[in-house]
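Asker: This is what each chain is made of:
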Amino acid sequence: MPDLEALLNEHLSQVHAPRELWERVHIPRERRAERFSWGIGWAAAAVLVIGSAVGMHAELRNPAVRQPAQAVRLQAWVKASTGLDIHGACRLCHEGDAGVY
Amino acid sequence: MDLRMVLDGTHREVTREVIEACQHGDYDAFATLFEAYQDRVYSIALRFSGERAAALDIAQDTFLKLLSRIRDFRGEASFDSWLYRLVVNSCLDQQRRRRRWVPFLEELVDVFRSPGNTVLQDLLRAETRDRVQQAVGKLPPELRIVVVLRYTEGLPYDAIAGIVGCPEGTVASRLNRAHKILERRLAKYREGDHA
Chain A
-19 MPDLEALLNE
-9 HLSQVHAPRE
1 LWERVHIPRE
11 RRAERFSWGI
21 GWAAAAVLVI
31 GSAVGMHAEL
41 RNPAVRQPAQ
51 AVRLQAWVKA
61 STGLDIHGAC
71 RLCHEGDAGV
81 Y
Chain B
803 MDLRMVLDGT
813 HREVTREVIE
823 ACQHGDYDAF
833 ATLFEAYQDR
843 VYSIALRFSG
853 ERAAALDIAQ
863 DTFLKLLSRI
873 RDFRGEASFD
883 SWLYRLVVNS
893 CLDQQRRRRR
903 WVPFLEELVD
913 VFRSPGNTVL
923 QDLLRAETRD
933 RVQQAVGKLP
943 PELRIVVVLR
953 YTEGLPYDAI
963 AGIVGCPEGT
973 VASRLNRAHK
983 ILERRLAKYR
993 EGDHA
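Quick mapping for you: the protein sequence lines, in order, are chains A and B. Residue numbering for the first sequence follows my numbering, starting at -19 and increasing by one per position. Residue numbering for the second sequence follows my numbering, starting at 803 and increasing by one per position.
Bound conformation, chain B alone:
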């Protein structure tokens, strides 16, 4: 059976077949899963970490975990939710590893970064993206992961709650807190642009 062909069919059925094959050690099935989910996994990792190198580490870690733990997947929840949980855990693990020394380096970089010297008018959009990413990157991890799942993946509150493992109300309040922080941080940057 060509799993890549099947992947173009109904996503739910395809996933089940591919997952079962992967659980039985079919490496082609793993490659198919990788192909299907690589952009999602990498995007979450990139939006969470804000750095390409860190995102690659997180995504690699996620897929290696997927490969080693897929036999544990029983199909009680959707595969997407199971995989999202792996990504979220990898993101938070990476955050814990970096926590010890990265904030110090970031502060050091901020000292040498003068406002405006990176702004080129014809790259305004890219600059805005960087600022948004930077603002998101400075959110506490528990707020950041909710923002990423919401805006990168477009997931509803209940799905985010299932992935993060907290009540829906907590997701709403975290998003609300994140919005307030981001509004403040991005407003400050905007004022800087107009100055």
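Okay, chain A solo, but in the shape it has when bound:
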């Protein structure tokens, strides 16, 4: 086939890209951008939750918070009325924190 090169030139020539190609290139980029902003949102939310948890934990470990004046008054009232000492009633929950009391 002496005209092989001509045949190849004719039938392997350039074609126009379909419009669909742009949509396929453009849309994944938008999705990536969307995922990116969601990622920032989730990260911010996680930081907020962790920050709040750490803050609350620190606050709760403060003996003044754990034994507010009202609770102290209640303990005194129960002891005076019934003779029962409820001072250590929460120790089951706070085992290991004994030194605080």
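These are calculated hints, taken from the structure and not from any lab test. All of these numbers come straight from a predicted model, not from anything done at the bench. Hints may contain errors.
Covered stretches of chain B (chain A as the covering partner; in silico rule of three or more C-beta atoms under 8 Å from a C-beta of chain A) [what the hints assert, rightly or not]:
#1 838 to 847
#2 853 to 864
#3 934 to 941
#4 977 to 989
Pairwise CB distance ranges (calculated) [what the hints assert, rightly or not]:
#5 B:N978 to A:G21: 52 to 60 Å
#6 B:P958 to A:W22: 23 to 31 Å
#7 B:N978 to A:W22: 55 to 63 Å
Away from chain A, derived, C-beta distances all over 10 Å, residues of chain B [claimed, not checked]:
#8 D830
#9 E878
#10 T930
#11 T954
#12 G956
#13 L957
#14 G967
Even glycine gets a Cβ: it sits at the ideal position worked out from N, Cα and C.
Go by the hints and put chain B onto chain A.
Answerer: Okay, now just chain B, sitting in the frame of chain A:
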């Protein structure tokens, strides 16, 4: 600056400006590059894969790689060569992914395809194109990509050598081998037409 307007000017200068803008994250510049190169990229992908769906996958992959790697382009080689390398790599990646199971399916289809039952005289040209595409599609990938760059893009041997990453002599010998295979395959089809 309207990059689309500039694109109509000197191609080399335009490309540099557009590329630099694209490297700085200008999405309009990317759109301009896409517009300038979409037909070339898609044509190579289509001629290499022989299928529209696969060609779209390859072309999409190429442009997404372009977007993510354009900062790596230093301008040492021409942008065209750099982009051609991206397309060629995407073509070969796609070929590797398909290699495992597609040949089996193609053989199966061939079994059910009787010669001549798709030939309509008034669609002879379309049929010839399909046969050429089919013959090219069955070439080994290293021969096929050279044929596509040569006949779809009309690139000279030295440019093909730079893109494929082999000596010019290898390009010549691959083309020579491809020609021989294609002559044999297309001659067989021609005989079938005359029968």
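Asker: Checked against the structure, which of the hints given earlier come out wrong?
Answerer: The structure breaks hints 6, 10, 11 and 12; every other hint is satisfied.
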